[in-house]
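> Sequence:
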Amino acid sequence: MNFRERLLDDMASIRTVDCHSHTSLKSAYYKAGPRNLFNLISYFARDVDSVRSSFGPPPFPSPKTEDEQWQNLKAVLGRARNVSYWRHHLVLYRDLFGFRDAELNDKNWQALNETIKQKSAAPGWYDHVTRDWCRLETQVRNIPWFEDWEPEYFTAILRLEPALQLCTAATRESLEKHLERSFKDLASLKQGLADLIEEYRKRGSRGIKLAHAYSRTLASEPVPEPTAAQVFDRALSGQAPTPAELKQFQDHIIFYFAGLASDLKLVFQIHTGVQGNWGNIPDSDPLHL
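With the sequence shown counted from 1, adding 133 to any position gets you the working numbering.
Treat the hints with caution; some may be incorrect.
Straight-line Cα separation of at most 30 Å, DSSO-like style, residue types lysine-lysine; simulated pairs [as the list claims (entries may be wrong)]:
| no. | residue 1 | residue 2 |
| --- | --- | --- |
| 1 | 380 | 317 |
| 2 | 207 | 250 |
| 3 | 207 | 317 |
| 4 | 207 | 164 |
| 5 | 164 | 335 |
| 6 | 159 | 252 |
Keep in mind the hints are simulated off the structure, nothing from the lab.
Work out the full structure, taking the sequences as your base and the hints as a guide.
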């Protein structure tokens, strides 16, 4: 056995840790109902939407039968069968559902559709895919505020973007309700955030995450507590902060989270993409961090 073969054998023996999971919870998977060829499409839905819009008027027809669904999908594949999201589907069809043809077509889609329906409805299917086929030891999952996760499958990271919107009454009130307390000033707010993070840490969360690059620059500056407190006091009185004031409040909270993560020995994840941020690449420069 040469080095390459030994290396591949060793790699195959190691179980996988998915460091950024988009997998459905097991409970959500079965609650969502039966899977078939037309709803087991994951991110290919983005290509479907873009291709459908390219057809222009008349609107893409809404299918009522599986035959009509296939005609719609076939039309999309006429323009998008080589995109990576679709090619991934063919690998899935071959490895999980025994599909043997090079491409999906009028002659083979029905058999594949029936196989998907049958296999994906099995009670042990979720475990078979995640644990046997993907060999997942665990998956790092970003957990929104107040949501639970399934620790037998997932390792939690608590998302904290709502904390940057706590000058908004609705967001603030949702945290107050969860913690069963009111925030009278910035100090009490920060204590509440610390308690929320500690609650999740005790339940097994390994870190915190901010994805504020979706909506603002990653560049943050240290803001003195009295300055941020003044902004929050104005928000408590019902006054909307200016954009500059809101950034001061957010920057202060971001630095606060960094300190908490260090003190609690938690990972601090920060998303650095540009999606949703008007494509303004300079705002997402990782060097801002």
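> Regarding the pair residue 207 and residue 164, is the alpha-carbon distance no greater than 30 Å?
28 Å, holds
> When you check the alpha-carbon spacing of residue 207 and residue 250, does it fall within 30 Å?
With a Cα-Cα distance of about 19 Å, the restraint between residue 207 and residue 250 holds, given a limit of 30 Å.
> When you check the alpha-carbon spacing of residue 164 and residue 335, does it fall within 30 Å?
28 Å, holds
> Can the restraint linking residue 207 and residue 317 be considered satisfied, given a maximum Cα separation of 30 Å?
It is violated: about 58 Å lies between the C-alpha atoms, which goes past 30 Å.
> Regarding the pair residue 159 and residue 252, is the alpha-carbon distance no greater than 30 Å?
Given that 30 Å is the threshold and the Cα spacing comes to 15 Å, the pair holds.
> Check the hint pairing residue 380 with residue 317 against an upper bound of 30 Å on the C-alpha distance.
21 Å, holds
Hint compliance for this structure: hint 3 is the single one not met.
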